[in-house]
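**Q** Quick note, the sequences are listed as chains W and S, same order. Residue 19 in my numbering sits at position 19 of the first sequence; the count goes up by one each step and never skips. Residue 246 in my numbering sits at position 246 of the second sequence; the count goes up by one each step and never skips.
Hint data in this document are derived by calculation from the structure and do not stem from the laboratory. Don't be surprised by glycine CBs; every beta carbon is placed ideally from N, CA and C. Worth double-checking, as some hints may not be accurate.
Here are the simulated lysine-lysine pairs, DSS-like style, with alpha carbons at most 25 Å apart [to be verified]:
1. S:347 with S:308
2. W:92 with W:38
3. S:308 with W:38
4. W:38 with S:338
5. S:81 with S:308
6. S:347 with S:81
7. S:347 with W:92
8. S:338 with S:308
9. W:92 with S:81
10. S:79 with S:347
11. S:430 with S:79
Listing some non-contacts, in silico: residues in chain S with all C-beta distances to chain W over 12 Å [unchecked claim]:
12. 34
13. 98
14. 153
15. 223
16. 303
17. 368
18. 379
19. 391
20. 430
21. 474
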Amino acid sequence: MAARVQLRHLAHARSGDKGDTANVGVIARSAEAYAFLKRELTAGRVAEHFAGMIDGPVERYELDNLQALNFLLHGALGGGGTVSLMTDAQGKVYSTALLRAELEVPDDVLASLAAGRGER
Amino acid sequence: MRDLRSAGGTGFGGAASFARMSRHSPNGADSPKRALRIACGQGFWGDRLDAPVEQVRRGPIDVLMLDYLAEVTMSILQKQKARDPAQGYARDFVPLLEEIFPDIVEKGIRVISNAGGVNIAGCRDGLVEAARAAGVAGRARIGTVTGDDILERLPDLIAAGHELANMDDGRPLSEVLDLVESANAYIGARPIVEALARGADVIVTGRSTDTALTYAPMIHAFGWSWDDWDRIAHGIVAGHINECGAQASGGNCMIDWETIPDLADVGYPIIEATPEGPFVLTKHDGTGGRITPAIVKEQILYEMSDPKAYITPDGVADFTTIRLEADGPDRVRVHGVKGSPRTDRLKVSISHRAGFKAVGTLVYAWPYAVAKAQKADAVLRERLDRLGLVFDEVRTEYVGWNATHGPLAGPPPEDLAEVELRVAVKSEDKAPVERFTREIAPLILSGPPGVTGFAGGRPRVQDIVAYWPALIDRSAIEPGIEVEVVEV
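Please model the complete structure; the sequences and the hints are all you need to start from.
**A** Okay, structure coming up:
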């Protein structure tokens, strides 16, 4: 069985910028959540999520050692820095936008979150 | 008065005495009996004013590092220097040092900062006066590192074949050369290590790679050789964790944010470095904030591109090899980092004029707050059209509804108490942007009702400064780097 759950329940995140690219680091809240996200939260899935909001491709990097994924969102910041007209010109809260993504999450992954609450 | 400047001496003082370190025996009997404590006093220029003072006074540290230079800071400093040749450095650094000079001299703390901006000599002169005013004349040395500033050299460099192509789109710098306002190479740790070896208590650089402000003292204290890639990689990771102030110790932290204690007194990060490479991230006892593996992970991922290749002038760190675990309350130990050789080029940070922009805001209140704000936006845009004003971009956001999440925010919530209409424009020409700034206030009397939030006055026209990252051969920069150390 599974449930439709927002990413924010499976992971925490922080975002930053490099020019016109926003990076979003997604840190899984449990080992099971990481295994699930590594499989399901692909660059393609994230690109779909941000369709219409970013002008360039999405790249994904894996940090198994930290149970984290790093996404680069190219063309996300309207030029970036002082060039951009966006409120979030430096992508500081792009992380929160990604955490809205909804995923079909199996029960055992959900259980892992409730139980140990992951690594602190 | 403890003298830290015996010939060839590289010792560090500290509140607790410990063995002097010799740079020639990294793993020998001279190794320190306790870790080298490198404290971050500031994550950016504009960070909490008293954080560096707290770091110096709330517990023992050996090194205080402060980062003043964001990407476009250099262009601001160049403009200041153009108006007044005595300016061009981070002015706040001087009164800070006046405040803490007695502490750092008494405790043997080294201060390392990139506050020099584009007038490192001016900063040094300010520090000399500050030292005298603080009563430490004759008891301190100030080191400076110059050679990063290549603004005047650009035409010659281009003529010699250095394209300084934009790393994002490949354009040659010659395309925008007449718009350039600053150009600085990111230089690495070597000159900082030299200044430390020559006994400088306060070291001021221009553009240095931010992480080097943390790992240079590690290389100096432990005598790491310049090709000890794994140890240097530990230093790079330590620098990345340490360089954003409280973001590593509970600030801007998403995990369990609501339970993080006492952010008003958040302890800024301190790296406890060891000769082997592994280090502990911690903060002073009794300060607020929190340090856990999950929190450190947030900082590690911040402003990260390819984690396997975090490049600095002194080496490349593979962040996928980091191991970390809790080492007691508010202590996280980091180890296992692998590194690889430095590259043959240095990164260059160039900024250039890129037009003008302005942002106007008005607040619309319930009922129908969003609908009224949208109507105001339509009126404003029609006014701009009727005036024949042309912009490169006009962007409307509604703060309280969709300014940060755009279409992901969905339809506006029913019954919002208020929403802020935010309209931003940019153009290569100043005139249309200037005219735009005069079209906001009139909406108060001539636009939709329920409008307020104009106490700030007319929006100001801002200069747009574009950032141009490039690469250059080391041979074009390194021979020109100079280190000077003067007695106060």
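**Q** Determine for every hint whether it applies to the structure shown.
**A** Going down the list of hints, with the structure as the test:
1. S:347 with S:308: Measuring from Cα to Cα gives roughly 18 Å; hence the hint holds.
2. W:92 with W:38: The given pair, whose Cα atoms are some 23 Å apart, holds under the 25 Å limit.
3. S:308 with W:38: holds, 17 Å
4. W:38 with S:338: Within the cut-off at roughly 23 Å; holds.
5. S:81 with S:308: violated, 39 Å
6. S:347 with S:81: holds, 24 Å
7. S:347 with W:92: holds, 24 Å
8. S:338 with S:308: Answer holds: residue 338 of chain S to residue 308 of chain S is near 10 Å, not above 25 Å.
9. W:92 with S:81: With Cα atoms ~31 Å apart, residue 92 of chain W and residue 81 of chain S exceed 25 Å; violated.
10. S:79 with S:347: Cα-Cα ~23 Å, so holds.
11. S:430 with S:79: holds, 18 Å
12. 34: Nearest chain W Cβ is 27 Å from residue 34 of chain S, so the label holds.
13. 98: holds, 32 Å
14. 153: Check passes; 24 Å lies beyond 12 Å.
15. 223: Since the minimum Cβ distance to chain W is about 29 Å, residue 223 of chain S lies beyond 12 Å and the statement holds.
16. 303: violated, 4 Å
17. 368: holds, 23 Å
18. 379: holds, 19 Å
19. 391: violated, 10 Å
20. 430: holds, 15 Å
21. 474: holds, 22 Å
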